[in-house]
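Student: Which chain is which? The protein sequence lines are A and R, in order. Going by our numbering, the first sequence opens with residue 1, and the numbers climb by one from there. Going by our numbering, the second sequence opens with residue 1, and the numbers climb by one from there.
The list that follows gives simulated cross-link-like pairs (lysine-lysine, DSSO-like), each with its CA atoms no further than 30 Å apart:
{"no.": "1", "chain 1": "A", "residue 1": "K325", "chain 2": "R", "residue 2": "K126"}
{"no.": "2", "chain 1": "A", "residue 1": "K325", "chain 2": "R", "residue 2": "K160"}
{"no.": "3", "chain 1": "A", "residue 1": "K325", "chain 2": "R", "residue 2": "K78"}
{"no.": "4", "chain 1": "R", "residue 1": "K32", "chain 2": "R", "residue 2": "K127"}
Some but not every residue of chain R turned toward chain A, in silico, with C-beta under 8 Å:
{"no.": "5", "residue": "N52"}
{"no.": "6", "residue": "K78"}
{"no.": "7", "residue": "F87"}
{"no.": "8", "residue": "Q89"}
{"no.": "9", "residue": "P94"}
{"no.": "10", "residue": "L104"}
{"no.": "11", "residue": "A105"}
{"no.": "12", "residue": "W108"}
{"no.": "13", "residue": "M157"}
Computed list of chain R residues with no C-beta within reach of chain A, every gap over 12 Å:
{"no.": "14", "residue": "N25"}
{"no.": "15", "residue": "A134"}
{"no.": "16", "residue": "S185"}
Hints are computed from structural coordinates only; laboratory data are not their basis. Please read these numbers as outputs of a predicted model, since none were measured by experiment. Backbone N, C-alpha and C define an ideal beta-carbon position, used for all residues, glycine too.
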Amino acid sequence: MQTINFLKPNRDNIKNYSIIGSFLVLISLIDVISNAFLKTNLTFFLPGSLSSFFPLILGLIGLNMIRIDYSGNKTLDKINKNINTNNFNAVLTLLILFSIIKALPPSLSWMILDANISGDSKDACTGTGACWTYIKVWFRRFMYGMYPNEFHWRINTAFILVIALGFVGYFMKENLKKYLALYYVIIYPVIAYLVIYYLISGGSFGLQWVETGAWGGLSLTFIVSFFCLIFCFPLGMIFALGRRSNLPVIKYISICYIEFWRGVPLITVLFMSSVMFPMFLPEDFFMDKLVRVIIAITLFEAAYCAEVIRGGLQSLPRGQYDAAKSLGMGYWKMHIFVILPQALKLVIPGIANTFLALVKDTPLIFVVGLAELAGMLALAKTNPKWLGFAMEGYIFASIIFWIICYAMSKYSYNLEAKYKTER
Amino acid sequence: MSDPIIKIQNMNKWFGDFQVLKNINLEVEANKKIVVCGPSGSGKSTLIRCINRLEEHQEGDIIVDGNELSEKTKDIEKIRAEVGMVFQQFNLFPHLSILDNCTLAPIWVKKMPKKEAQELALDQLKKVQIDDQANKFPGQLSGGQQQRCAIARALCMQPKIMLFDEPTSALDPEMIKEVLDAMVSLAKGGMTMIVVTHEMGFAKEVADEVIFMDEGMIIEKAETKEFFANPKSDRTKLFLSQIL
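Excised from the complex, chain R in its bound form (with noise of 0.2 Å):
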């Protein structure tokens, strides 16, 4: 068994005096697709966005890709590199183009050549089949298209892990299956994935694992056969019998 790709070790993270996340423990092995679930408020996303410090953690240790993470670490950019989001609200930059979008950090952080970025670019955008958008903006495209557009741009920093942030919930029911159709496509090609998704369709089809989160704790961690078909505890059941 390979050493685990991200570690979080009894973490603890308070919003003010309200405790988000309650003793987070959490081993995420390379190329195993995690999905994570719950009703909102749960700290899903919390969670997720602690793995690559856009939120901070007070308590315990967060290790990713044995780099820990806390105040000390110098180079949070570098490990923010390695690790590829994708948000609920899209969160494309809206002055520059789609291809623009996905060149930016590759040019400006992995210091690649402009040209080899928009190739890299390209293949990606065609990859979730947006590749004939490229020069538009993101603000005429449909959000299934930014959403995509949005992928690309984090897998065009050709991360390790891919984190993604309630991707479909802003998107219309017609759209939500073309952004699930390419993390499927992206699943399937081996990435490391930890997907927060009330698309359970989806964890049927690609998590290797299911948690189930409620007020700030992990309730349940199960392989992904055995979430749905047998629960343990009741409130995975409730929320089971709500969702599906």
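Looking at chain A on its own, in the form it has when it is part of the complex (with noise of 0.2 Å):
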């Protein structure tokens, strides 16, 4: 009979090695299980607290006696190479593994097994865990804010309307497609501004008015970051090309544009925006809050984009801009057909980074009397029958801002694989 030796595993015995290891792993994961879920503690024979740290000694043991090199078995020598290195590495396993158990039944009982989403009031949440019923009762609010109940069709029909119209490039004409640019950077977000101007304001074709200090909820972060992603983008394209330019007037503005607009934090700049702007302005003159938020907002981003861009664009070799001046381009010409295209390829991965930031800006322009997702929770929790339900509230937003913010980056991504090609 061969002997084991514990503290060197070899292949010989891969069989008694791997069965024993495995089976100390099991025990240690099971004392874990059992101490969570059951609340029984298995080695209470031990002194206090070799009892807390048994588990950890005997998957420890056991993840040293499966760690054999090139054991010839799949499945080993891939847990082996990924969790299972060094004894450093598995104790880092184990505590992981640990901790996720150790978290799991809270979580759970507090999310789904203790939890009520029946009834519609506060009474009907009668167990210790979450209270849905407070995010279904107030859906409609997170949603829409404080627009009438009645009307939220029209911001329903707003919305399907502006994302149809976004599609429209995919169903150009080859003809019509050097347009694209065009219809992307100004036709479009004119035809949106005029939907939403016209089916969520309303106050003509037999429309109620509906003013924008009662639009909220998640349709109000969706109109804000919508609005400023697809005017920030041009807009700071214009001052990286302007920080690159030649002429000192042009080049000092851009500078001066860009390091005045990173320099100050986005919360002042929504006060400003909206207390101090007015006083500015002549009497008769008015601009709506909302308008007034957004443009601020977007002079912020455009800033940010501007640098990113210029990075792209700095990141061309000379002899890209050597070659389109010598086949005869000019400027503009030069850098719509061959700069830009390249520059702005480069740089998805950056322009991504600003707009998920962008988007999770938004909550901010609660500071002056707007309303978004977050902003509507804020109002919900001190609502005095819904009192002390503001855990429930900011997980639901949370999920909702990372499904958005999700979806933007997989659409990045997608976009990054769609123009590459090799150098």
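If you follow the hints, you should be able to join the two separate chains into one complex; please do so.
Tutor: This is the structure we're talking about:
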């Protein structure tokens, strides 16, 4: 009979080692699971501190025993290569596993098992877990803000129209493709603005006027993000080119613009736009608060976009400029056909970054009294009838924001893959 | 004798404090082929980059096809469209196919109809024997193929003058020949060419005149046979003894 060396496992005895090793790891996991789910301590017979470290020690010995180089067993090799390369990694693996197991029961019971979703008042929430009733009751507010319930179809229709218009580019005929950029940069925003103005604001065509103060919730998040995104990108492009211009006036205007907006916090910009800005306007001139806020965020983010795009412009080799110039292209032709297509492709990850940050910055408009999704949460949690459900609200909001942002980042990956050409 | 198509008089150029070109005088007649050679750092590339104003000169005159190049030149694009250039690093546009590389400038600069431009481009690509690669992207071609495409791209603008800035220096020895062949057939077609190169075989075969430069000055300018048979200055003799 071969002796089994616990410290130096080898492949001659691979069966013995792997069986004993996995058994030890299994016991350690069972101990933790029973501790977390059943609240029973299997190792009650051991003294206090040893009892709590028992699964870790057992698991470590077990993992050590199955750590055999080139065992020939695929699963075993995979485990060893990825999570069990040495004792330190083995400890980390075990600790992470244990913490997940420990955290699972309380979060599960709070979110699902002990949670309530029936009923439509606070009294329905009798369990110790989350009160999803709160989200259910407030759902329309979170989506549409203070917008009158009977007009919600107007918001939905407007969004569907705007999204549909966004897809027009895909169905354009080949000979119209060259107007694609023109469509997305100028025509599309204008149409989208008109759609949103006439449908959501109303006031004509027999639709009742709803002032922007009543807008809110997720729909407002979308409106603000949408307009800021489509306007800040072309603006950023102009300032990126401006900063690299040879004409001193344009160059220094661009530098001043970028450095100014990058240097001030967004929150002060928003305050300025809603409190200070109207003071400078003539008496009879009125600009809606929402429009002012959108302009403020657009100008702010354009500065960031400009720097990201400038990074892309600088990464192009000088030869590309030389080649374009030597073919007789002027500044604009060179940039439109040669430089920008390459530079913009390079900055897709950076632009996606800026856009994600922009979407997540929209809750800041709460400080000027516009309540988008997170703002509505802040209002709802102070409602006397529904005190104490901030947690549910914020989890709900983070899930929604995560979905939006994840979709955007997925889309940016797709764009990157689509425009990838070998250099 | 016809008027020279390129005329450079007393031209000086500095990069900061460093004078790259010193008192350059050069006249090139139409349909002539000039080879510029010399050690690296002697200002050869800078000289031909000045001819289509990719570099600006500080003193003296450069007259290309009757137009003086200076800060006041309004339509520098128009002059550049008449002067084709081929670079050491090819500088193809990586985001466009070979065909689009060739048609881009004719369509947008010369306002040629798309169809006509494509026919012209395929014709030029055929001359350099890569018309079968027209729909590929530059990254998918070998160095020699890319450089031939760059030549075709420049020719699609139907230039009066072609400038070559060390077109074979970044290529493998095997690929140098295919590029040189394309250049030789272009030379035989009667194009005015200024070629910066170290390929002395090419110089002997097609050049009408050879210019030797060192330290920013034109040391020697002679007819090809004369240049190789009886170089006058010692510097040229030394250079030739090392390179041949």
